[in-house]
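Top to bottom, those sequences are chains A and B. Using the UniProt record's numbering, the final residue of the first sequence is 430, and nothing's skipped along the way. Using the UniProt record's numbering, the final residue of the second sequence is 430, and nothing's skipped along the way.
Please note: incorrect hints may appear among the correct ones.
Stated by the list, open to error - So, partial list: chain A residues that the calculated Cβ filter (under 7 Å) puts toward chain B:
#1 Asp205
#2 Ile214
#3 Asp216
#4 Val310
#5 Leu403
#6 Thr416
#7 Pro419
In short, the hints are calculated from the structure, not lab data. Everything numeric in this text was worked out from a predicted model, so none of it was measured. Cβ coordinates follow ideal geometry from the N, Cα and C atoms, glycine included.
There are 2 protein chains.
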Amino acid sequence: MRRKGLASMAVQAVERATSFGPAVALSCRECGERVPLGPVFACTSCFGPLEVAYELPLGDPEGLRRRIESGPANIWRYAPLLPVPADVASRPNLRPGFTQLVRADNLARELGVTGELHVKDDSGNPTHSFKDRVVAVAVEAARAFGFTTLSCSSTGNLAGAVGAAAARAGLRSCVFIPHDLEAGKVVMAAVYGGDLVGIEGTYDDVNRFCSELIGDPLGEGWGFVNVNLRPYYGEGSKTLAYEICEQLGWRLPDQLVVPIASGSQLTKIDKGLRELIALGLVEDRPYRIFGAQAEGCSPVSRAFKDGQDVVRPVKPDTIAKSLAIGNPADGPYVLDIARRTGGAVEDVTDPEIVDAIRLLARTEGIFAETAGGVTVGVTRKLLEAGVLDPSLTTVVLNTGDGLKTLDAVAAGPSVTIRPSLGAFREAGLG
Amino acid sequence: MRRKGLASMAVQAVERATSFGPAVALSCRECGERVPLGPVFACTSCFGPLEVAYELPLGDPEGLRRRIESGPANIWRYAPLLPVPADVASRPNLRPGFTQLVRADNLARELGVTGELHVKDDSGNPTHSFKDRVVAVAVEAARAFGFTTLSCSSTGNLAGAVGAAAARAGLRSCVFIPHDLEAGKVVMAAVYGGDLVGIEGTYDDVNRFCSELIGDPLGEGWGFVNVNLRPYYGEGSKTLAYEICEQLGWRLPDQLVVPIASGSQLTKIDKGLRELIALGLVEDRPYRIFGAQAEGCSPVSRAFKDGQDVVRPVKPDTIAKSLAIGNPADGPYVLDIARRTGGAVEDVTDPEIVDAIRLLARTEGIFAETAGGVTVGVTRKLLEAGVLDPSLTTVVLNTGDGLKTLDAVAAGPSVTIRPSLGAFREAGLG
């Protein structure tokens, strides 16, 4: 019965082929089997994850580059490389992306980096996390498949991104979060007027619940951005790679430090970089990808250090809640990429995360979420260990906003005084 | 003694003329007297406020337009119209601006607007308020005058903007806030590592204290962005006008709804629009500017309704703390502009502000600060009263971010359940 539903939706998908631009099929990451574009996420042969396969516009890199550069200042400038319709920029959506790549000279000095150090600051997105990118692509797929409710399991950032995107797109939303998230994330998830459901459990419990719901009549007509729309959703993360290279002047960075939650973002950044090479938009030379986790949820880092191919699930316990996925679906692929590119996976403690948040704020005026503290902290640790090369061009990702994790940094006034010069003089700050 | 100090600094300013691009002098808004560019803010003849006077690049609108359009996607694309050096874009700063102008069709439908309705969403700035614009311009002036400490009095947003901008620019910062601000604003003001001083009193008390400090040896070498750098600082708000017109396709909107705190932003938006007309970048036709206040701090609205020219100070009591200036310096100029352009000044209650925040979030996926609730609420009120014309092109400003005023909207989960289909079914949300 469920299989029949999927098959009929896949047929609809073929009819709507123009909705997906250059995308031509879904392809299994494990066995390579191809299926038509549809709201499916696992290979029926081997249960491997499906990803979007394209007919990319090869052969005219200069023309493609000009087309991108004359496009809008958001992710839709890369529409020729995404599973979205050609007119996507004119549809009602949040227009995320083309966030700042910040040349972080002050931070470089503090860390002893002599090459170029950049922070890709995705706190500039509409709901202030990179999730706006992936959701924007998923919304187009939801429209194409005729879904009327947009849903997700979320550690917080995704909930806000889905709520906001659904509101703009005129879709209903119903999102699921662990009951104990940060206040900022809870309010942001609820304020857009969709349904918000707290789940008594961890993110992994929420995720399992959503997988059940999707197979139940209750979930019919629902697009779960990170479940049945996951192949499309994931493609949104490629735009981070595109933007970094374009903002570097169509050049690959030598080293990237990327946070790991499910691991999807890191794998899609790698995919995006390889596409740019294949398209002739950047020179083909080596790059190294480094994954960053919080020690309190570091199953991928653990596996990397132990030389394992298998990621053993853990129960998360860290202030970096947006990375607190104990059973990361793309963990094995992250290990592959870190090893293949000569990178690594490392983790930092909660106090190191807080220190790194403050370091980035103090040096570059960027107030990062805990996830940004994780990448900056891991960058520092890998530099100290001699694993990252300080003489190269390095890009560190900040994927979220400090305003959503206020409790992590207990910052306040240096002093509180009466409004008088005498009181100020006594405070000794003049 | 103080006068002598100012004069010698004015001489330095002349020497540094190239630091200010097309700006040639400061000019008194009241009596028109001109003084050299310097860290001064009041006319020595009549005590009127000083503002920046330019030699603008008249005579080649097409060339100027092309130059702007090929500039960076931030306020520095308008460097030829600002008191900043020509190389400003390559200096370390936060690169604010060029935020989204959102075509708000969903909101238009709810409000019965048949023309174009747009929201200029300045929550997309680096510290998520329009203050990044004004501070970025003030930082360049601070550098030119050799100030080493950046300071301000603030209702919150400015504190974060100054802290972040100083960090990136490598300046010390020391900012002053009322002791009872929202948690998000306090943390954001403190996290960048500068000194943050809580003042026991209202914003107006903080402001008076800063005016004292600036005349005291304690404050020597300090650039107060909204006091002794105020003429430069204010110019940053012109970029809102430039961007709105450019994003409309080099076209004036018919109606603008702008929040009023000190009133400076509204007056500079008007200045920016008039400059674009003078430069030939937009067609010269009528526009109307509407000011928006919270009822709990509505001295300008009160004066407008009473037909007064004088604004009588009030003691603020509203959730819209970023607009809670009881003695707005530019109030009389706001009255002039509202009357000259055929606009109005209106206010809304705190519950209307909260309703408007939710309305904007639900319809457009934009989570505004209370100040955005004020402009959207006033827009609704003026439409219902037949004062705003629903058939015209209207732009409503959102100048801040909902994450900084979380307490205003008590939003949370619709329901919290165990992770089971049965529990979800019982919740009745399927």
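Do the hints match the structure? See the list:
1. Asp205: 5 Å, holds
2. Ile214: 11 Å, violated
3. Asp216: Holds - the Cβ of Asp216(A) comes within 7 Å of chain B, reaching about 6 Å at its closest.
4. Val310: This hint is violated: Val310(A) lies away from chain B, its Cβ roughly 26 Å from the closest one there, beyond 7 Å.
5. Leu403: 4 Å, holds
6. Thr416: Holds. Min distance 3 Å.
7. Pro419: Interface hint status for Pro419(A): holds (4 Å vs cutoff 7 Å).
Checked against the numbered hints above, the structure violates hints 2, 4; every other hint is satisfied.
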